[in-house]
Amino acid sequence: MKRSSLASVKSAGLGFRMPHFADIMKRRDEVPWIELLLDNWLCEDGIVADRLERLINTFPVTFHGVGLSIASSSPVDEEYLQQVKTLLDKSDALVYSEHLSFSRTKSQFIPDLLPFPFTTKTLEHIANKIDFVQTSLNRQMLIENVSAYIDFPNNDFSEEDFITDLVKRTGCGLLLDVNNMYVNQVNLGRDAEKALKHLPLAAVQEVHLGGHETSEGFLIDAHNNKVCPEVWEIYQQAINLTGPVASLIEWDNDIPSFEVLLGEQQVAQGILNAAKANKPLVDEIKYG
Amino acid sequence: MDEKQKNSILLDETEDAFDALMRGELSDLSELLKDTPIGQSVGVNVYRQTSMSALINAIKETFETCRHILGDDYFNQCATSFCQLYPLFQNDLNSYGSDFPAYMVELVETREELAALKFLCDLSSLEWALNETFFAKKKRPFDLEKFGKLTDEQRGKLILKLGPDVRLLHSHYNVKDIYTFHRQEENIINERSFDVISSDHFYVIHRGSAETNFELLIEQVDTYNYSVLSAIKNESCFIDICENFAREIDGDMQPPPFGDYISKGIISDFIL
Chain A
1 MKRSSLASVK SAGLGFRMPH FADIMKRRDE VPWIELLLDN WLCEDGIVAD
51 RLERLINTFP VTFHGVGLSI ASSSPVDEEY LQQVKTLLDK SDALVYSEHL
101 SFSRTKSQFI PDLLPFPFTT KTLEHIANKI DFVQTSLNRQ MLIENVSAYI
151 DFPNNDFSEE DFITDLVKRT GCGLLLDVNN MYVNQVNLGR DAEKALKHLP
201 LAAVQEVHLG GHETSEGFLI DAHNNKVCPE VWEIYQQAIN LTGPVASLIE
251 WDNDIPSFEV LLGEQQVAQG ILNAAKANKP LVDEIKYG
Chain B
289 MDEKQKNSIL LDETEDAFDA LMRGELSDLS ELLKDTPIGQ SVGVNVYRQT
339 SMSALINAIK ETFETCRHIL GDDYFNQCAT SFCQLYPLFQ NDLNSYGSDF
389 PAYMVELVET REELAALKFL CDLSSLEWAL NETFFAKKKR PFDLEKFGKL
439 TDEQRGKLIL KLGPDVRLLH SHYNVKDIYT FHRQEENIIN ERSFDVISSD
489 HFYVIHRGSA ETNFELLIEQ VDTYNYSVLS AIKNESCFID ICENFAREID
539 GDMQPPPFGD YISKGIISDF IL
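Residue numbers (the numbering used here), protein chains in the order written: chain A, 1 to 288; chain B, 289 to 560.
Think of the hints as simulated: they come from the structure by calculation, not from any bench.
It is possible that part of the hints are untrue.
As the list claims (entries may be wrong) - BS3-like, lysine-lysine: derived pairs with alpha carbons at most 30 Å apart:
no. : chain 1 : residue 1 : chain 2 : residue 2
1   : A       : 90        : B       : 425
2   : B       : 322       : A       : 197
3   : A       : 194       : B       : 322
4   : B       : 425       : A       : 26
5   : B       : 521       : B       : 425
6   : A       : 129       : A       : 197
7   : A       : 85        : B       : 425
8   : B       : 322       : A       : 168
9   : A       : 90        : A       : 121
10  : A       : 106       : A       : 121
11  : B       : 426       : A       : 26
12  : B       : 406       : B       : 426
Remember, predicted model here, so these are calculated numbers, not experimental data.
So that you can see chain A by itself, here it is in the shape it has in the complex (with noise of 0.2 Å):
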């Protein structure tokens, strides 16, 4: 099976967004590597295609995926799968990441990440379907932390126990959203830097980050905002932890210039550059 060859990347990327088609291709040398959100590239044809392969040709890239709905109680779409599959092929994507969640129910697909309870049962079906889409795909694969708004009463694990469980039996890799920790911890009452010390840290091979909306004591997992204080923080916190890691700024709704979406990068990489060089992290990294 194909191991993810992020590993080796260690900077931190831009989630691409087509309003900045044109700035990118123009600044190529100041992105070092693009994530794609994969449900929008699937076409074969067309101008969806076009772009891609502009996209395909000028930067590595990984490949973010919303649509496999990894904890739902149907079977994997294998329909779905093997698009999935001819896209990361032709690609030759860096990495394939998935969010821990479901989307879609045996009436319709909700255009959300929605939440499940961490039980045993629900464990192991989800630990069977990642080992089936990473057979079909012949490569390892990414799961994703999500945010959250609501909590189950019967959990039989924490979420980072279950994220560990489903990494020592499946073998898929982790990618850390930061950004998800932070909201869940406001929202939800769980503790980030506990779960940041309880999580299988050698599994993450990428990183989010990404901005939340503010929403009367409440947050939102909108990315339409800069990176916030606190969750730099607990990057940092991961950072220390994990040694530098390739990282990504997510920007998906209210989108900034192109210029604001470097600046967040280059805060990113100001922090993977100390941890690489091994320096201690300044406390004062002066936030976007």
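Starting from the structure of chain A, add chain B where the hints point.
Below, chain B without anything else, positioned relative to chain A:
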């Protein structure tokens, strides 16, 4: 809920609950959830709102001109009720909204305040056609060399194909003019008025002839050309189209202008 019941909650029950929530058949998931710092109902509401917003935004983007005419608040109301009635069946927001033109017909027929805006039905069809044209596959250049080498017998069986980006629209209004008018910001700023003409209009929506051209064209055609292109779309035989649509030009019976259609990229292929 007792401990045994809690342990029996499975993934499909969680799915069913969210399914009902999105359809508006359920507003409370407290039986499934535990208390959190932000409260169960707040959390459930976030999912309902973010999912609905994603669908509504997809509708707004595709039917931008309809939204412009109806105004944000009224359009949001319409889009919200549409999204509740028509869930997302494919994991692709670009293909969401194919039923919106039919929904517009229903709205216009039943809402008194829309009686003067009947053209919205055809305008939404035009906007959906533009969306399909934009995301359509690339067309290959018409193989004239291969076409030239066909025998008479082969030509007898020939079926011409419209480009994958080509859509035909018969409207009862001048929807191209309405669309163009509302896409020009200065018309709105200067509060210019515009005449809606109620008569038959025929359009071909396509991306032109270049292989990598993603510019959207709305070409108005006459009844004759629309009928020929409809026959091609319906896969009528080449010979039948030549016979049925031959017309007299300067004293000679001429077939339809296939060469023009090919040079514009409207016809892009043929099958035998």
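Checklist entry - Can the restraint linking residue 194 of chain A and residue 322 of chain B be considered satisfied, given a maximum Cα separation of 30 Å? => result holds, 21 Å
Next on the checklist: Can you confirm whether the C-alpha distance between residue 322 of chain B and residue 197 of chain A stays at or below 30 Å?
Outcome noted: holds, 25 Å
Item to check | Distance restraint between residue 129 of chain A and residue 197 of chain A, which requires alpha-carbon spacing of 30 Å or less | outcome: holds, 27 Å
Item to check | Restraint status (C-alpha distance of residue 322 of chain B to residue 168 of chain A at most 30 Å) | outcome: With Cα atoms ~28 Å apart, residue 322 of chain B and residue 168 of chain A stay inside 30 Å; holds.
Checklist entry - Is the hinted pair residue 521 of chain B and residue 425 of chain B satisfied, with a Cα-Cα distance of at most 30 Å? => result holds, 17 Å
Item to check | Given hint residue 26 of chain A paired with residue 425 of chain B - CA-CA distance at most 30 Å | outcome: holds, 27 Å
Item to check | Proposed proximity, residue 121 of chain A with residue 106 of chain A (alpha carbon, max 30 Å) | outcome: Answer holds: residue 106 of chain A to residue 121 of chain A is near 19 Å, not above 30 Å.
Next on the checklist: Hinted pair, alpha-carbon criterion (30 Å max): residue 426 of chain B, residue 26 of chain A. Please report holds or violated.
Outcome noted: Holds, at about 26 Å.
Item to check | Agreement of residue 85 of chain A and residue 425 of chain B with the hint, judged by alpha carbon distance not exceeding 30 Å | outcome: holds, 20 Å
Item to check | Given pair status - residue 121 of chain A, residue 90 of chain A, alpha carbons within 30 Å | outcome: violated, 36 Å
Checklist entry - Is it true that the CA of residue 90 of chain A sits at most 30 Å from the CA of residue 425 of chain B? => result holds, 18 Å
Checklist entry - CA of residue 406 of chain B to CA of residue 426 of chain B, is that 30 Å or under? => result Since the Cα atoms of residue 406 of chain B and residue 426 of chain B sit roughly 34 Å apart, the hinted pair is violated (cutoff 30 Å).
In the structure shown, a violation is registered for the earlier hints numbered 9, 12, in ascending order.
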